[in-house]
Amino acid sequence: MGPTSLATTWLLKGALEQWLPPAMAPKKKATQGAKEPEVKKKKGGKKDASTANKPMETLGEEIREFYHIQIRDLEDRLARYQRKWDELAVQEKLFRQEFEQLANNKKEIVAFLKRTLNQRVDEITDLNEQLQSLQLAKEMEKDAFEAQLAQVRHEFQETKDQLTTENIILGGKLTALEEFRMQKEELTEKFVSLEDQLQKQENEYKDYVYNLEKKSVLDKDRLRKEIIQRVNLVATEFRKVATNQMWDTTKRAIMENNTVTLQLSKISRQGMQLLQENEQLKGTQDKLCKQLDLLENTQKVMARHSRGHHKVILMLTEKCREQQQGRAEAERLCLRLSQLEQSHGQLQHDHQALRSQRDQLNLQLERQQAKAQRLQRELTEEQKVRAGLETALAQATFFLQDILQMQSDEEGGDFDVVFQLQLKEMLQQLLTMLSSALVLSPQLAVCPRRKSQPHGPPKESQPSTQPPRMGSLPQQLSSITPYQPGDLGLVPRRAHIPPNPEDLRLLSHTTRVGTFQLHSYPEIHTSGSPKRFKKFSLPEVSLLSK
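Position 531 of the sequence shown, counted from 1, bears residue number 531 in UniProt numbering, the numbering being contiguous throughout.
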């Protein structure tokens, strides 16, 4: 325990002694208080005071023990807290040192990062400048390389042309070298045959010289022996016939000597000839040896040249192979180019065909659109005509209903001529209206079809009044022939040409209706005042205006 903890303990003890009552004072004072009664007892012998203070002393001792225990416990706790505080102080110191170290490290790291950032910024600026310079250099190098590439292509083309010419020249040289090789082989074969022949001739010459030398030695020995033998014979014969036949023997010996000398001279000449032949053969041998040396030197030179030519041939064959590969590549590229040109031409042809087809389709579309517009106009006209016919039929039905009502009204009365005239006039007007409507409507229906078939031949079998189609109401009505008075159908009708609708269109409505009335019914004449028939007049129907 340190001095701080001891001082704290003594301070706590002093505070407790100040707050405790005298009866609860520490043990030291209690002992002093116990000693004082003893002294008093010894002095005064007072028993009542000692008996009264005994329970207080026991109680004070227990309290003191309790407080001592509590103090010890507090001192232990204080020691533990002190130790813990010391540990915490040490840890705080360590943590403070670590914090300061971390702060220093942080400052150093921040400074390092700032320096690194500045360096990186500088490096980035340098790299940007280098990038710009490299881009400029790249552009310049690109231009230079493009120019160099063009120059290299030009040089390659020139080199290609030069190599093709060299290839042709080297091809000629190669053929010449082939011929030279063949000639060399022939010369080597001849040289080998000549060497064999020379060796054979040399061997034969050696054998011949040996035989000649042997023959000459043998002839000399034989001649010497014969001469000695003949000399001996001559000597013996000379001795025998020396006396008798001296002259004949001498003469014969002289003659024999002459013959022997002649034979010796002949043999010597033959030896000289053989020596000359030997010299000639030696000279021939020397010449052949010189020729052999020359041929060997020539062979060595030719071998060196052949090795050089062989290297050149290998190099040329390699170049020729490369040229053939380049030529094959060029032919392949040319073939590819021709195929692409053919495909391009085919595509152009297809494009032209598609363009012409598109133009034709556009023309057909325009024709179809024009035809559709024309059919639309015809449809509107037909609709107008149909509406006019429907209105005319409606008016005719109303008119017939009026006629029937008038007829039912007049059935009960007497026969009236005026009524008959009115009825006839009304029927005539009704027929005129229906006929004009039927004549105009089929012509309007037929005109577009005539326009749509301008190139077809006209059918003579069909009359002009026959409608083109039978099925619609206007066409069925147009096929009905108007009734004429007195026409019972027994006598064939004469050919009747209806009025031309094109001419009727040019006229006004009243003129057109009046003309049609005069043309259809010329025998009918109205009688009576017009005021009387005013209520039976039909309304005007304009078919063309609708």
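Some clues are possibly wrong.
Stated by the list, open to error - Lysine-lysine pairs mimicking DSS-like chemistry, simulated, CA-CA at most 30 Å apart:
hint	residue 1	residue 2
1	Lys251	Lys240
2	Lys311	Lys220
3	Lys206	Lys282
4	Lys184	Lys290
5	Lys93	Lys190
6	Lys93	Lys200
7	Lys266	Lys251
8	Lys106	Lys93
9	Lys300	Lys311
10	Lys282	Lys266
11	Lys184	Lys287
12	Lys287	Lys190
13	Lys184	Lys215
14	Lys214	Lys225
15	Lys220	Lys206
16	Lys184	Lys93
FYI, nobody ran anything at the bench for these hints, they're computed from the structure.
TODO: Compare the distance between the alpha carbons of Lys300 and Lys311 with 30 Å, and conclude whether the hinted pair is satisfied.
DONE: 16 Å, holds
Open item on the list: With the threshold set at 30 Å, check whether the alpha-carbon distance from Lys184 to Lys93 stays at or below it.
Closed with: Not satisfied, since the Cα-Cα distance of roughly 108 Å exceeds 30 Å.
Open item on the list: Given the hinted pair Lys93 and Lys200, is their Cα-Cα distance within 30 Å?
Closed with: Judged against 30 Å, a Cα distance of about 123 Å means the pair is violated.
- [ ] Would you check the hint for Lys184 and Lys287, treating anything up to 30 Å between C-alpha atoms as holding?
- [x] Holds, at about 22 Å.
Task: 30 Å Cα cutoff - pair Lys266, Lys251 - done: Holds, because 22 Å separates the two Cα atoms, which is no more than 30 Å.
TODO: Would you check the hint for Lys287 and Lys190, treating anything up to 30 Å between C-alpha atoms as holding?
DONE: 17 Å, holds
TODO: Mind checking the alpha carbons of Lys184 and Lys290 for me, to see if they're no more than 30 Å apart?
DONE: 20 Å, holds
Task: 30 Å Cα cutoff - pair Lys206, Lys282 - done: Given that 30 Å is the threshold and the Cα spacing comes to 11 Å, the pair holds.
Open item on the list: For Lys220 and Lys206, compute the direct alpha-carbon distance and say whether it is at most 30 Å.
Closed with: 21 Å, holds
Task: Holds or violated: Lys184 to Lys215, with C-alpha atoms at most 30 Å apart - done: 44 Å, violated
Open item on the list: Just to be careful, I want the Cα atoms of Lys251 and Lys240 compared with a cutoff of 30 Å; is the pair within it?
Closed with: 16 Å, holds
Task: Agreement of Lys311 and Lys220 with the hint, judged by alpha carbon distance not exceeding 30 Å - done: With a Cα-Cα distance of about 65 Å, the restraint between Lys311 and Lys220 is violated, given a limit of 30 Å.
Of the numbered hints stated above, those contradicted by the structure are hints 2, 5, 6, 13 and 16, listed in ascending order.
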